[in-house]
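Chemist: Read off the chains here:
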Amino acid sequence: DIQMTQSPSSVSASLGDRVTITCRASQGIAGWLAWYQQKPGKAPRLLIYDATTLHSEVPSRFSGRGSGTDFTLTISSLQPEDLATYYCQQTYSLVTFGGGTKVEMK
Amino acid sequence: LQLQESGPGLVKPSETLSLTCAVSGGSLSGNNDYWGWVRQPPGKALEWIGTIYYSGSTYYNPSLKTRVTLSVDTSKNQFSLKLRSVTAADTAVYHCARLFVRGFWSGFCDYWGQGTLVSVSS
Numbered sequence: 001d002i003q004m005t006q007s008p009s010s011v012s013a014s015l016g017d018r019v020t021i022t023c024r025a026s027q028g029i030a031g032w033l034a035w036y037q038q039k040p041g042k043a044p045r046l047l048i049y050d051a052t053t054l055h056s057e058v059p060s061r062f063s064g065r066g067s068g069t070d071f072t073l074t075i076s077s078l079q080p081e082d083l084a085t086y087y088c089q090q091t092y093s094l095v096t097f098g099g100g101t102k103v104e105m106k
Numbered sequence: 001l002q003l004q005e006s007g008p009g010l011v012k013p014s015e016t017l018s019l020t021c022a023v024s025g026g027s028l029s030g031n032n033d034y035w036g037w038v039r040q041p042p043g044k045a046l047e048w049i050g051t052i053y054y055s056g057s058t059y060y061n062p063s064l065k066t067r068v069t070l071s072v073d074t075s076k077n078q079f080s081l082k083l084r085s086v087t088a089a090d091t092a093v094y095h096c097a098r099l100f101v102r103g104f105w106s107g108f109c110d111y112w113g114q115g116t117l118v119s120v121s122s
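Heads up: the sequence lines are chains A and B, in that order.
Residue 90 in our numbering sits at position 90 of the first sequence; the count goes up by one each step and never skips.
Residue 13 in our numbering sits at position 13 of the second sequence; the count goes up by one each step and never skips.
A portion of the hints provided could be inaccurate.
[Said to hold, decoys possible] Calculated cross-link-like contacts (lysine-lysine; reagent style DSBU-like; alpha-carbon spacing at most 35 Å): (1) A:Lys-39 - B:Lys-12; (2) A:Lys-102 - B:Lys-65; (3) B:Lys-44 - B:Lys-12; (4) B:Lys-76 - B:Lys-12; (5) B:Lys-82 - A:Lys-102; (6) B:Lys-82 - B:Lys-44; (7) A:Lys-42 - B:Lys-44; (8) A:Lys-106 - B:Lys-82; (9) A:Lys-106 - B:Lys-12; (10) B:Lys-82 - A:Lys-39; (11) B:Lys-12 - A:Lys-42; (12) B:Lys-82 - A:Lys-42; (13) B:Lys-44 - A:Lys-102; (14) B:Lys-65 - A:Lys-39; (15) B:Lys-76 - A:Lys-102; (16) A:Lys-106 - B:Lys-65; (17) B:Lys-76 - A:Lys-106; (18) A:Lys-39 - B:Lys-44.
[Unchecked claim] Interface residues of chain B toward chain A, partial, derived using beta-carbon atoms under 10 Å: (19) Glu-15; (20) Thr-51; (21) Tyr-59; (22) Gln-114.
Please keep in mind that the hints were generated in silico from the structure rather than gathered at the bench.
Note that this is a predicted model, so its numbers are computed, not measured.
Just so it is clear, CB atoms sit at the ideal spot from N, CA and C, and this is done for glycine as well.
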């Protein structure tokens, strides 16, 4: 099974800050990675797929990088509506999610 | 495309949890689509349960494989989950989702149901 490890588990940041979340796969997954945003009581929302492709209607302040085993999600300028928990998911073989990263206001 | 879960919100320990996901605004029979179930225990991370193709082929999370059955009814445009011998650890919000095909029995989830809370308690 492919394990996905996210770090940090939580991050505190101020409005306008650049926030970067890391996701590491236990084996190489090429560029087969997706990122989701989840707000309390809501279903996850797809942000990025294939490691770098922004899903429709996702603001351009979100970006994804990486391939192989190491991936990042960056929010270039944190906005109030970005406070949420973020999950990575490998789409290489079966389905595995990371443990989540909660983005909070400092 | 819209997905809507339905089923009991309370299940007794040792019994079977049964949920259905109705798909509207599109067909279950797309070649590029898998359909899946994801759950989230309160305050915890997302956990994949299993994936089904419109043909009825399935793949399950190894940790749940002995207790899970997914099925599909293309005539009703819906798919279903059965989880047997439930315990309190199965209490979670259960989401159905469409997986846009990528790797081996995998894909990114671009459409989600709103989720339904299922509690396991006597």
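Chemist: Against the earlier hints, flag every one the structure doesn't satisfy and list their numbers going up.
Modeler: 8, 9, 15, 16, 17 and 19
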